[in-house]
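Protein chains in written order, with the numbering used here: chain P, 192 to 363; chain B, 2 to 141.
Check the hints yourself; a few may be wrong.
Going by beta-carbon spacing under 10 Å, a handful of chain B positions derived as facing chain P [unchecked claim]:
| no. | residue |
| --- | --- |
| 1 | 44 |
| 2 | 82 |
| 3 | 124 |
| 4 | 127 |
Derived by calculation from the structure, the hints in this document are not laboratory data. All figures in this text were calculated on a predicted structure; none of them were measured in a lab. Just so you know, even glycine gets a beta-carbon here, dropped at the ideal spot from N, CA and C.
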Amino acid sequence: MSRPRPEPVQVVKQRRDAALAALVNAVPYIRFLNITFDRRGDELTSVLHFDDKLIGNPFLPAIHGGVTAAFLEVTSVITLNWSHLWPRIESGELDPEDLAAGKLPRQPKTIDFTVDYLRSGLPRDAYARATVNRSGRRYASVHVEAWQDHKDRLFAQATGHFLIPQDSASKG
Amino acid sequence: MADKTKLARQFIEAIPHARELGMVLTEIGDGTAEITMAYDKKLIGDPETGVIHGGAVSAVMDTCCGAAVMSHPSAPGGTATIDLRIDYMRAATPGQTIVTRATCHHITRNVAFVRATAMDDDVDRPVATASGAFTVEKGF
């Protein structure tokens, strides 16, 4: 039995990146905060590009706690949504071109979100990665960590619970 | 007392991100604060419904809680968030202004405890509630 020939790498990358870009670019608030996502395989790292408008304490200066919370929440929602989309994109069930044309699946809704502020956010870029610790039929629990210069010196972390939209949950 | 309130007001109004989100401090004093944030398309989190992003609600809640701490009679200066939990009860109605109210209900030498609610025009059904712990700083 011969397995099918693998797709060319650029075809695979183009499909995955187009789907991710569609998901992220559809949300005005993500564009407003200027958060982008790097992808390695299915793993996402979000980047909060620093700007003076993100300052919360002009005397230190430090990033606004609300911006940090928003950055962590955006990372959690996109990562959770992506974890549901990935198998559907890879199986061919979802067409990234449809996603790019605005046919997006419904987003998870935040039930609660608890942010732990570990250090003040310095006036420079920040990075975050979220882990979906549980994703059931209706509810998901997501943990997210953010850092700036050193990955092992987090400046904030958070845990949130999310309600899974029923159209994406049913198809895993 | 009036000086402290004035100082807290100046501090909040000088925050670049608070200005950027269009936050307006409508009431402050004695450990309570009220901040409003008008609806804006750039705050949209769900493009299909036009509902604003939870993160924008977090930002105004965090600011309001901080303002409440600074206005408390026993607070000597500034503050920073230690932790903040937000419960999202329902989607905010698109087009309506968010009004947040925070109360610093307990303060020690080192820690201030705060509760807050966020509402839109339907004041009987809160959009979100928050509770958090904040640092008590000696200066600003």
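Status of the hints after comparison with the structure:
Of the supplied interface hints, the one on residue 44 of chain B holds, with its beta-carbon coming within about 5 Å of a beta-carbon of chain P, less than 10 Å. Evaluation of the residue 82 of chain B hint against chain P yields a held restraint, the C-beta minimum of about 4 Å falling below 10 Å. With a least beta-carbon distance of about 22 Å to chain P, the hint placing residue 124 of chain B at the interface is violated under the 10 Å criterion. At about 13 Å, the closest approach between the beta carbon of residue 127 of chain B and any beta carbon in chain P exceeds 10 Å, and the interface hint on this residue is violated.
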